[in-house]
Amino acid sequence: MSLLAFSLVLFSICLAAGALGSLLGLGGGIIVVPALTLLFNVPIRLAIGASIISVIATSSGAAAAYVRERITNMRVGMFLELGTTTGAVTGAIIAGLVGARALFVVFGLVLAYSALQMFRNRHETAATDVPPDRWADDLRLHDHYHDEAEGREVHYRVTHTKAGLGLMYVAGAVSGLLGIGSGALKVPSMDLAMRLPIKVSTATSNFMIGVTAAASAGVYFARGDIEPFIAAPVAAGVLIGATAGARLLPRLHSRSVRGIFVAVLVLISVQMLVKGLA
Amino acid sequence: MNAPGTPPSGQPPDTTESEEDARVRKVEIIISTVLRVGVVTSLLVVVVGLVVSFVKHPAYRTSSAIRVAVVHGANPYPHTLGGIIVGLQHGDGTAIITFGLLLLLLTPIMRVAVSIFTFVYQRDRTFVVITSTVLAVLVTSFLLGRAGG
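So the protein lines, in turn, are chains A and B.
When you line the first sequence up against the numbering used here, it's residues 1 to 278, in that order.
When you line the second sequence up against the numbering used here, it's residues 1 to 149, in that order.
Some hints here could point you the wrong way.
[What the hints assert, rightly or not] Here chain A is said to cover these stretches of chain B; the calculated rule only asks that three of the stretch's residues, wherever they fall, bring their Cβ under 8 Å from a Cβ of chain A:
#, stretch
1, 39 to 46
2, 74 to 87
3, 97 to 107
4, 130 to 144
[As the list claims (entries may be wrong)] What follows is a set of in silico ranges between Cβ atoms, one per label pair, in the way DEER data are often shown:
#, chain 1, residue 1, chain 2, residue 2, range
5, A, Gly151, B, Arg25, 16 to 24 Å
6, A, Phe119, B, Ser63, 41 to 49 Å
7, A, Val270, B, Ala69, 28 to 36 Å
8, B, Val55, A, Gly151, 44 to 52 Å
9, A, Gly224, B, Ser63, 17 to 25 Å
10, B, Gly83, A, Leu39, 37 to 45 Å
11, B, Val37, A, Ser256, 30 to 38 Å
These aren't lab readings, by the way, just hints derived from the structure by calculation.
Note that CB positions come from ideal geometry on N, CA and C, so glycine has one too.
Given the sequences, and given the hints that come with them, work out the whole structure.
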């Protein structure tokens, strides 16, 4: 296979990764890393470098649309970035000390855990009767968005803001370690702890993951982990895919978004555990 | 209890609230535009770099040896600012791609930087401090990256 053919195949895969990532707030790295390592035998170090690019591309492409459509809760996103960025720096620094095999196992376990939590919570809907939270009140995090699928304005109140911030630090550290945006952790944290509606969680996760990834991107870039001919088709494919996917989210029902999210997590978690433990 | 921005039904929205809403809307458009400009610019530069590379190096289109080298990181590429600048001066496709990727990496950082000003505009001191802290962490991390590399 020539470099040109490789670029075109990778570009096509990344169109799908971008579309799915923008829907689920996952950053697409979750498809890019296994695709590169399993299909093309790319070393995990370069695969993670490319996935950093994928995460930033998904985030920037999707967030541009979600912010304009007011699905993103920007105040929640910007507040939680305090946790994700400091976590990401921590993770990127320790990443050099952990072996590839261990990374696969950690990656797999993290995803399995997220999937289980999201599945358990499948009957929850956007609520306004959440426990009162002074931080959410003071920071004015409560908001509303227009749900196109339901044809109504959905009002929601935010809770457990402090716990959310702590979870974001962990999510940031994991993403610094593994090169994924760890939307896989961010979405469940916002969903289960802070009780945001699922679409707001995925859109706000999309908003944040680019910044989380950018916090460790400097480290990866300087280390030479971002190979331009691997990263370029990824960037192009994911950007176009994410822009397309962002048109779809408003029209999907929350239940469907949650279902796809759980299914994707289970699938890739199994894949990565097999790779790490085999 | 009403969420911010929703006046009780039957009453006209008071001026301060609708003014605040207009500001929020303006900020959303600004942030969205910053992201869009970053995304489109970097995509264009990356595509130009790819086209230059494949036109200049016929082997990239035919040889599988090059692909194997690339996939294992054995094909040389710049990963310092200086390296990119030298490459750009020579019209090197790889350097153009890397420059485009760097623009993409900088897009979320630009978004954070611009949000600081939007919170100043919204007179929201708490969020000016929060967003400035995030930017400081991002800049520190980039500097750490250079020192560590």
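Structure-based check of all given hints:
1. 39 to 46: holds (count 4)
2. 74 to 87: holds (count 4)
3. 97 to 107: Coverage by chain A holds here, the residue count being 9 at a Cβ distance below 8 Å.
4. 130 to 144: holds (count 11)
5. A:Gly151 with B:Arg25: 16 to 24 Å: holds, 22 Å
6. A:Phe119 with B:Ser63: 41 to 49 Å: holds, 47 Å
7. A:Val270 with B:Ala69: 28 to 36 Å: holds, 32 Å
8. B:Val55 with A:Gly151: 44 to 52 Å: holds, 51 Å
9. A:Gly224 with B:Ser63: 17 to 25 Å: holds, 23 Å
10. B:Gly83 with A:Leu39: 37 to 45 Å: violated, 29 Å
11. B:Val37 with A:Ser256: 30 to 38 Å: holds, 32 Å
In summary, the one numbered hint that this structure violates is 10.
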